[in-house]
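Using the sequences provided together with the hints, build the complete structure.
Protein chains in written order, with numbering that gives the first Met the number 0: chain A, 0 to 198; chain B, 0 to 271; chain C, 0 to 648.
The reader is advised that the hints may include incorrect statements.
Below, simulated DMTMM-like cross-link-like pairs (lysine to aspartate or glutamate); rule was C-alpha separation at most 20 Å, straight line [unchecked claim]: (1) C:Lys222 / B:Asp67; (2) C:Lys53 / C:Asp531; (3) B:Lys70 / C:Asp559; (4) C:Lys222 / C:Glu339; (5) B:Lys54 / B:Asp67; (6) B:Lys228 / B:Asp256; (7) B:Lys60 / C:Glu305; (8) A:Lys161 / C:Glu611.
If you're looking for bench data, these hints aren't it; they were derived computationally from the structure.
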Amino acid sequence: MTENIAVHHHDPDQEAYTKNVFGFWVYLMTDCVLFGVLFATYAVLHNNTFGGPSGKDIFDPLFVLKETLILLTSSFTCGLAMIAAYRSEKKKVIGWFCVTFLLGLSFVVLEVTEFAGLVREGNGPQRSAFLSSYFTLVATHGMHISMGLLWMAVFMAQVFRKGITLVTARRLTCLSMFWHFLDVVWIFIFTLVYLMGVY
Amino acid sequence: MGVAGILFLFYGDIAVLNPKGMIAHQESDLIITSTLLMLIVVIPVFVMSFIFAWKYRASNKKAKYDPDWDKSVVAESIWWGVPCIIILVLSILAWKSTHTLDPYKPIDVTTKPLKIQVVALQWKWLFIYPEQNIATVNFFQFPEKTPVDFEITADAPMNSFWIPQLSGQIFAMPGMKTKLHVIADGVGNYRGSSANISGTGFAGMTFVAKSSTQADFDEWVESVKQSPKALNLDEYKQLAAPSTNNPVASYVLASEDLHNWIIMKYMMPMKE
Amino acid sequence: MFGNLTFNALKHDTLQNAAGYSMIFGGLLIAALITYHKKWIYLWKEWITSLDPKRIGVMYIVVALVMLIKGVSDAILMRAQQSIAISDAASFLTSDHYQQIFTAHGTTMIFFVGMAVVFGMMNLVIPLQIGARDVAYPFLNSVGFWLFAAAGVLLLVSLVVGNFNATGWLGYPPLSGIEYNPGEGVDYWIWILQIAGVGSLISGINFIVTILRMRCPGMTLMKMPLFTWCALGTLVLIIFAFPILTATLALLSLDRYLGMHFFTASFGGNAMMYVNLIWAWGHPEVYILVLPAFGIFSEVVATFSEKRLFGYASMVWAIIAITILSFIVWLHHFFTMGAEPNVNVFFGIMTMLIAIPTGVKIFNWLFTMYRGRIHFTTPMLWFLGFIATFSIGGMTGVLMSIPPADFQIHNSLFLVAHFHSVIIGGVLFGFFAGYAYWFPKIVGFKLNERLGRYAFWCWLVGFLLAFLPLYILGLMGATRRLDHYDASTGWQPLFIIAAVGVVLVTCGIGFQILQLIVSIKERKQNMDTTGDPWNGRTLEWSTTSPPPFYNFAIIPEVRDHDPFWTMKQEKKSQVAKPHYEPIHMPKSSPIGFFVGLFSLFFGFAITWQMMEISIVCVIGVIVSLVIRISENETDYYVPVLEVEAIEKS
Chain A
0 MTENIAVHHH
10 DPDQEAYTKN
20 VFGFWVYLMT
30 DCVLFGVLFA
40 TYAVLHNNTF
50 GGPSGKDIFD
60 PLFVLKETLI
70 LLTSSFTCGL
80 AMIAAYRSEK
90 KKVIGWFCVT
100 FLLGLSFVVL
110 EVTEFAGLVR
120 EGNGPQRSAF
130 LSSYFTLVAT
140 HGMHISMGLL
150 WMAVFMAQVF
160 RKGITLVTAR
170 RLTCLSMFWH
180 FLDVVWIFIF
190 TLVYLMGVY
Chain B
0 MGVAGILFLF
10 YGDIAVLNPK
20 GMIAHQESDL
30 IITSTLLMLI
40 VVIPVFVMSF
50 IFAWKYRASN
60 KKAKYDPDWD
70 KSVVAESIWW
80 GVPCIIILVL
90 SILAWKSTHT
100 LDPYKPIDVT
110 TKPLKIQVVA
120 LQWKWLFIYP
130 EQNIATVNFF
140 QFPEKTPVDF
150 EITADAPMNS
160 FWIPQLSGQI
170 FAMPGMKTKL
180 HVIADGVGNY
190 RGSSANISGT
200 GFAGMTFVAK
210 SSTQADFDEW
220 VESVKQSPKA
230 LNLDEYKQLA
240 APSTNNPVAS
250 YVLASEDLHN
260 WIIMKYMMPM
270 KE
Chain C
0 MFGNLTFNAL
10 KHDTLQNAAG
20 YSMIFGGLLI
30 AALITYHKKW
40 IYLWKEWITS
50 LDPKRIGVMY
60 IVVALVMLIK
70 GVSDAILMRA
80 QQSIAISDAA
90 SFLTSDHYQQ
100 IFTAHGTTMI
110 FFVGMAVVFG
120 MMNLVIPLQI
130 GARDVAYPFL
140 NSVGFWLFAA
150 AGVLLLVSLV
160 VGNFNATGWL
170 GYPPLSGIEY
180 NPGEGVDYWI
190 WILQIAGVGS
200 LISGINFIVT
210 ILRMRCPGMT
220 LMKMPLFTWC
230 ALGTLVLIIF
240 AFPILTATLA
250 LLSLDRYLGM
260 HFFTASFGGN
270 AMMYVNLIWA
280 WGHPEVYILV
290 LPAFGIFSEV
300 VATFSEKRLF
310 GYASMVWAII
320 AITILSFIVW
330 LHHFFTMGAE
340 PNVNVFFGIM
350 TMLIAIPTGV
360 KIFNWLFTMY
370 RGRIHFTTPM
380 LWFLGFIATF
390 SIGGMTGVLM
400 SIPPADFQIH
410 NSLFLVAHFH
420 SVIIGGVLFG
430 FFAGYAYWFP
440 KIVGFKLNER
450 LGRYAFWCWL
460 VGFLLAFLPL
470 YILGLMGATR
480 RLDHYDASTG
490 WQPLFIIAAV
500 GVVLVTCGIG
510 FQILQLIVSI
520 KERKQNMDTT
530 GDPWNGRTLE
540 WSTTSPPPFY
550 NFAIIPEVRD
560 HDPFWTMKQE
570 KKSQVAKPHY
580 EPIHMPKSSP
590 IGFFVGLFSL
600 FFGFAITWQM
610 MEISIVCVIG
620 VIVSLVIRIS
630 ENETDYYVPV
640 LEVEAIEKS
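Structure representation (structure tokens):
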């Protein structure tokens, strides 16, 4: 029994959905490797303080806790947004993503203030290998968050104009995967860098 | 391959295969043994490719044609199995030799070793004799049949310290100390060089390592101690400035623990 | 606003000027020809904005061939220098210039010939072999290509504007750090690799999803053609290895641009970390280059022995073994850095293990020939040349995997001869075989066989003359990358022989250029009218030559490997009137080209520290992508009538 599978029974948008989400998983794996390199570099260099401060001297666990709670909450609201998306509830999607956006933005602002403070004290990334690797690891995560925020803004505009279609839903799925992935990376940073640095 | 063979015969001066020291002897034997082991597989490959290409050429109607024959457990077992065995033998060889020929491993003889501290500079080599209180540039001498313990660093980008007739090389890196142990069978002059690019002048970083009798060596040390030049910190900083085609130079060592200072200045903030 | 860029950047010595001007002249000549034939619009519509992987594949190959000429020109200069440079004064190249040349040589060959050939072949062959109409993400395919092309143009620009990296193709710090090399050279190199690397990663993701999700019905993984299997191994390596390159180069550029201390000699930096990271990418990279060549040979040997490939399952497991092992051998590139013996020997043994699956593949190819009916077409000749050269390379590789042996051979010309043996013998000969093999499929007519044979013999003999002396030189104590040496070493005669080899190789390239010209002229006599000029075995031969832009009007269904061979054996009767459906295809798009263009300007701007322009270019890339994402109609349907018309002709 031969069947021309090509177009007859399949909506190309539906095919694209699974294909794109799969491809996005592959991309996330590559991003994992990228962060892996930064973690490995931090592991090798974190004791090379060259007379400057170590993690114990500059990390503020309470501050980091604030950042973590904000980011975790934003993952939660992102999840709520996606539930609304699968129910095609356009207004709720935009609403929850706006909350996610604001939380993400706060996270970035907090991180920037932490960095600015360190630089003012003379403990910027040029001070030692430890500081270089710390700033780079955390800032790379922060830049990913920022790209996610940009992405969120663009997609909110799209959803506003086109509503929840197979195409926009697919893109939102990828965005939420990205957002949750960054959350997981943050857990690792929180644990391996901040907690292990201070305690 | 014939070309290579002919060339091989003409060139007796193949340093790696003309070792003059115990370590280099063992490394040379290792290279030859491994090559022979691998030829067990490589020669049949060459032979088979010639024979099969010739015998089964399309114009040869007499050859058997078996278009669907694509499996044979016996054949596959042989060419998974034999290479596995050869690799197993090579692995054991590698395990043993890597431990025996560890550059950090001191040479196992009763003679007291000579200590030489090596610094790769841009673009010359500095040799410090901490026990004799002398230093030389682009040349060093040592007694035959005596182990030499090198401690190697760099005040320059990554280099590699290599005297092929005495042993394999090891990196010379700023802020780090690597070690190498060699011993020469007899007297001779051996060419050394840097085996890692370190800037525009790196091709000129050649030096001579000379092994002599103990008596000659002692005499030489005495003559160097008469050098007008003293290697103190200022003189060293001048020497370390980039230069090429440095002639051989000799110094009386005039600073405490110079080698260590050179390493440590990369490792922590120095006041000077 | 112009950063460090001054008119000084255009000042070069005579030789560099000659190279730069001839390149610009060549470019202008091509532009003039295109204008004269009024082909700009055609080029734009049919090639530059095309999302057809067959078109994109051809563009990759064109870039590869142009860059091959550049790379060989570098090699000619190097051999010339080394055959006369028995003192600093005897050289015709300054040390700095020589060091830029070998750095450019390596960078060009690995990234712009090797990777170009890999992606070119994948674009041309994979969709056809798996019975698909396109790749998974046609737009990203275009982006990947144009990023790659942008990096290539940036490399050529570096010939004319300023200097290039002079620290070797992998740029070890601290030498490549800001302290020892503050100029634009290393920065050019960093951004060229970064842009090309992102392109490679994007294309890698694209093809992995293509192979895993778009095979035609019935084509399980164990029924895929071997070329596609090898490509799959390559793609797994790409997606895991290239992010390492991106991250490592980013860290080096942070050291250079922002004064950080990842790899500096002091302030706690650790240059050994760079060496580890760059080779954690670098080793998989060389397998990325050679695996597709193995795939090509599998297709070529089976086709031209008129026999099934021997030991299909074995071959697949060998590919998987090679892929996995590639990730755990990287330290063999720096045994001499002073690691503990246990560490060294672990990596040494892992390295040796790769010889086993590789050897298995060679034996399986030989036994495909056994009891076959062998036709010595050009692709088959390249295969035999591969056996000769690659075996030497492989053997010397296993030799160097034994750490104490490597202590003597590391960084010597023996090492250089080894990797050229495997890269030229493997990657390049594999490409040449694939080029001759699939040329008729893509272009519609065969290449001239006689000139192909002349090219092959020139390459083979030239290669042996150029590199066998280097093995001996390495054992004589000759380090790589030397711009001069002393006459008393006795090295000069061997260098002269090597130079003769390079001349022969150049003749080989001359024959290949001639072959292309003559083949185009004689194309009417050599038309491939059946689509199956070689009595092939896999699906690509079931289409016309060239295939219609949608590849297959009806997606095939397969039951076995070598599905086309099976179809021919069973003499499948044509359905009286095949039932066509409208075919879903992507529209062309200029956005990929613009992403490439912005990346090119970004790379140039940031190399010269023109920060405002760099930021504008980044915004340009983002805006281009946002425009693409906001587009409503990116696809269309080919109507049934059009499909029928194409299929009839």
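Comparing the hints with the structure gives:
no.: 1; hint: C:Lys222 / B:Asp67; in the structure: holds (16 Å)
no.: 2; hint: C:Lys53 / C:Asp531; in the structure: holds (17 Å)
no.: 3; hint: B:Lys70 / C:Asp559; in the structure: holds (15 Å)
no.: 4; hint: C:Lys222 / C:Glu339; in the structure: violated (45 Å)
no.: 5; hint: B:Lys54 / B:Asp67; in the structure: holds (18 Å)
no.: 6; hint: B:Lys228 / B:Asp256; in the structure: holds (18 Å)
no.: 7; hint: B:Lys60 / C:Glu305; in the structure: holds (14 Å)
no.: 8; hint: A:Lys161 / C:Glu611; in the structure: violated (35 Å)
Of the hints listed earlier, those the structure fails to meet are numbers 4 and 8, in rising order.
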